[in-house]
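S.K.: Listed here are the chains, written in short residue letters.
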Amino acid sequence: MAQPRTLFDKVWHSHVVVQEPDCPAVLYIDLHLVHEVTSPQAFSGLRRRALKVRRPDRTLATIDHCVPTDKPDLAGADALAVRQIRQMEENAREFGISLCSLDSPRRGIVHVIGPEMGLTQPGMTIVCGDSHTATHGAFGALAFGIGTTEVEHVLATQCLLQHKPKSFEVRIEGKPGKGVTSKDIVLSLLARSGIESGVGHVFEYTGPAIRALTMEERMTICNMSIEGGARAGMIAPDETTFEYLSGKEFAPRGEAWHAALARWRALPTDEGAVYNRSITLDASLLEPMITYGTNPGMGMGIADRIPDPDALPHPAQKAGLDKALRYMNLRPGQALLGHPVDVVFIGSCTNSRLSDLRLAASLMKGRKVAPHLRVLVVPGSQKVRRQAEAEGLDGIFQEAGAEWRQAGCSMCIAMNGDALEPGEYAVSTSNRNFEGRQGKGGRTFLASPLTAAAAAVTGQITDPRTLS
Amino acid sequence: MATFIRLTSRAVPLPFDDIDTDQIIPARFLRSTDKAGLGAALFSDWRYTSEGSPRAEFVLNRPESRGAGILLAGGHFGCGSSREHAPWALIDFGFRAVISTSFADIFRTNALKNGLLPVVVDAQTHRELFNLVEQDPSAELTIDLPTQALSMPSGKTVGFSIDGFSKTCLLHAMDELGYLMSHADRIKEYERRNETTPTPP
Numbered sequence: 001m002a003q004p005r006t007l008f009d010k011v012w013h014s015h016v017v018v019q020e021p022d023c024p025a026v027l028y029i030d031l032h033l034v035h036e037v038t039s040p041q042a043f044s045g046l047r048r049r050a051l052k053v054r055r056p057d058r059t060l061a062t063i064d065h066c067v068p069t070d071k072p073d074l075a076g077a078d079a080l081a082v083r084q085i086r087q088m089e090e091n092a093r094e095f096g097i098s099l100c101s102l103d104s105p106r107r108g109i110v111h112v113i114g115p116e117m118g119l120t121q122p123g124m125t126i127v128c129g130d131s132h133t134a135t136h137g138a139f140g141a142l143a144f145g146i147g148t149t150e151v152e153h154v155l156a157t158q159c160l161l162q163h164k165p166k167s168f169e170v171r172i173e174g175k176p177g178k179g180v181t182s183k184d185i186v187l188s189l190l191a192r193s194g195i196e197s198g199v200g201h202v203f204e205y206t207g208p209a210i211r212a213l214t215m216e217e218r219m220t221i222c223n224m225s226i227e228g229g230a231r232a233g234m235i236a237p238d239e240t241t242f243e244y245l246s247g248k249e250f251a252p253r254g255e256a257w258h259a260a261l262a263r264w265r266a267l268p269t270d271e272g273a274v275y276n277r278s279i280t281l282d283a284s285l286l287e288p289m290i291t292y293g294t295n296p297g298m299g300m301g302i303a304d305r306i307p308d309p310d311a312l313p314h315p316a317q318k319a320g321l322d323k324a325l326r327y328m329n330l331r332p333g334q335a336l337l338g339h340p341v342d343v344v345f346i347g348s349c350t351n352s353r354l355s356d357l358r359l360a361a362s363l364m365k366g367r368k369v370a371p372h373l374r375v376l377v378v379p380g381s382q383k384v385r386r387q388a389e390a391e392g393l394d395g396i397f398q399e400a401g402a403e404w405r406q407a408g409c410s411m412c413i414a415m416n417g418d419a420l421e422p423g424e425y426a427v428s429t430s431n432r433n434f435e436g437r438q439g440k441g442g443r444t445f446l447a448s449p450l451t452a453a454a455a456a457v458t459g460q461i462t463d464p465r466t467l468s
Numbered sequence: 001m002a003t004f005i006r007l008t009s010r011a012v013p014l015p016f017d018d019i020d021t022d023q024i025i026p027a028r029f030l031r032s033t034d035k036a037g038l039g040a041a042l043f044s045d046w047r048y049t050s051e052g053s054p055r056a057e058f059v060l061n062r063p064e065s066r067g068a069g070i071l072l073a074g075g076h077f078g079c080g081s082s083r084e085h086a087p088w089a090l091i092d093f094g095f096r097a098v099i100s101t102s103f104a105d106i107f108r109t110n111a112l113k114n115g116l117l118p119v120v121v122d123a124q125t126h127r128e129l130f131n132l133v134e135q136d137p138s139a140e141l142t143i144d145l146p147t148q149a150l151s152m153p154s155g156k157t158v159g160f161s162i163d164g165f166s167k168t169c170l171l172h173a174m175d176e177l178g179y180l181m182s183h184a185d186r187i188k189e190y191e192r193r194n195e196t197t198p199t200p201p
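Listed in order, the protein sequences are those of chains A and B.
Under my numbering, the first sequence has 38 at position 38, and the numbering climbs by one with no breaks.
Under my numbering, the second sequence has 105 at position 105, and the numbering climbs by one with no breaks.
Just chain A, same shape as in the assembly (with noise of 0.2 Å):
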């Protein structure tokens, strides 16, 4: 009998083109999503050297990271970001690549429109100039961020060179309580594991709890895979996958399902597979969760206080936790419940999709943002932000005194005008609260789109288990 082997294993042998002794293997790449800020670079290269894509067919660009949010064209966007956009549409044209521009029904975050338009499918490689692309790996797809230079590799042969990464479960077991999200779990996750443990390695997520996730919520936890270092996160496909995908747009039909279907219920992990590495967590013991600090395993359960630096077992640590608390103007035991906040952001390509905004809506419902508190929803994509508007969410939000916005990546990164002012603390669903991250000197409070709801009708760090 054959060596049981885990999904990840599946998906990487058969994608290995060539494995020369001594040298990284030369792994096909199935899909390859582009977006502005990382590919001029990359198609300068291709120019230089007189080169063409290879696959423009598995190649799809996307504008995002610096769209403008609060109108649905460029008029009064700030003058680099037009550059780079208008790059972006040069480079498509130029090379015959398909792109979601600014007018397309089709556009939004990268990580959001892949599964929506039904691309990302099991057992498929996909690479993107741009970290959070594991969140594909939600439908066991081995799905990892990029360099620029392996974005020119990518253009030019559909092929990447990769050292295999090392294999690490993450057992989700138990059943969360209410008001525990996904992105609760993935940060409780982090809390616990910190934000190295995954390096050289590619997470698979296993378990009741994360079987019991919807496709949506799958994603909010691959998506942040990179967060603990991972270079891809994986969830093997199921029923509720094929469910998800059947239909869309872009998956198969008819015999040609039938054939996916065949080949994507042989990806699971074999019964005996061996992990290089596991961790287990009982997601029943699981709080909504907060981060306090300026990295993403700077997390802690909702109702907990800010552990003290000088308990921390190595100098480095206390040094790092000091130096994150000054720059948060926060204090050791302090509990955050209360803690005023200037902003809630509720998007990004960790939690912008439909039933996230459903999640918000459905706390914010026939209540108020708090007095002087900015309010952004900026849904994933363009097909979000339609369905939304179809089921009224948006009625729902923009009656709270909360933004409506256009698809884009906004405030995660702030590249595109939508920017914290210095000092001030946001509540965010997004996926990194990196010093400066949202904006320069800005204060950023990761939390699910339920907590960051509850924060923007009390306008300050609120359990949402108490308001529902």
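These are computed hints drawn from the structure, not numbers from a lab.
A quick note: this is a predicted structure, and the numbers were derived from the prediction, not measured.
Even for Gly, the Cβ is constructed at its ideal location relative to N, Cα and C.
Take the hints with a grain of salt, since some may be wrong.
Chain A stretches covered by chain B per the calculated footprint, using a threshold of three residues with CB under 8 Å from any CB of chain B [as the list claims (entries may be wrong)]:
1. 74 to 84
2. 334 to 347
In silico EDC-like links for lysine to aspartate or glutamate, alpha-carbon gap of 16 Å or less [said to hold, decoys possible]:
3. B:Lys167 <-> A:Glu243
4. A:Lys383 <-> A:Asp103
5. A:Lys164 <-> B:Asp163
6. A:Lys440 <-> B:Glu51
Using the hints, position chain B against chain A.
M.R.: Below, chain B alone, put in the same frame as chain A:
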């Protein structure tokens, strides 16, 4: 990409763990469509006040940092975003190597592809190096890639590891894209066998 064979230089100490790429170069500088000139934005939010003047106390602004080719950083350097602008900015500023106890995967890959050498040392050597350069900012370290050795002024030498392929690429300024393209026939053959996955519009 330039070759990397041997580097003797002073080192700039940045003793924080988990320095993310948003610190190395904040996202607002990523609206460039070019690689050049990013050194001016390196560690921008740590280096300049909100009015844009240099913070005298920040290590990169000290006179002894001028011309240094080695960054001595805390553990897990380069975590976060995939932006290759991080190594581009470090190189544009003048760095040719970064020493740490560990590197984030994407940063490491991006650095190697641009001739910026990530050197991993053990925790004890790491502490020793910080003590050395903090006591004597003029101390020079030598990084010798052929022998994979890092030497201190005392003569003490420690080894470091690097995969053979990356080492060859650095020593000869070899182009990885050239290697990939040399396998064009195998790629074509792979595609013939595997045309099942969908393609975008």
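S.K.: Evaluate each hint against the coordinates.
M.R.: Here's how the hints hold up against the structure:
no., hint, verdict
1, 74 to 84, "holds (count 5)"
2, 334 to 347, "violated (count 0)"
3, B:Lys167 <-> A:Glu243, "violated (47 Å)"
4, A:Lys383 <-> A:Asp103, "holds (12 Å)"
5, A:Lys164 <-> B:Asp163, "holds (12 Å)"
6, A:Lys440 <-> B:Glu51, "holds (12 Å)"
Checked against the numbered hints above, the structure violates hints 2, 3; every other hint is satisfied.
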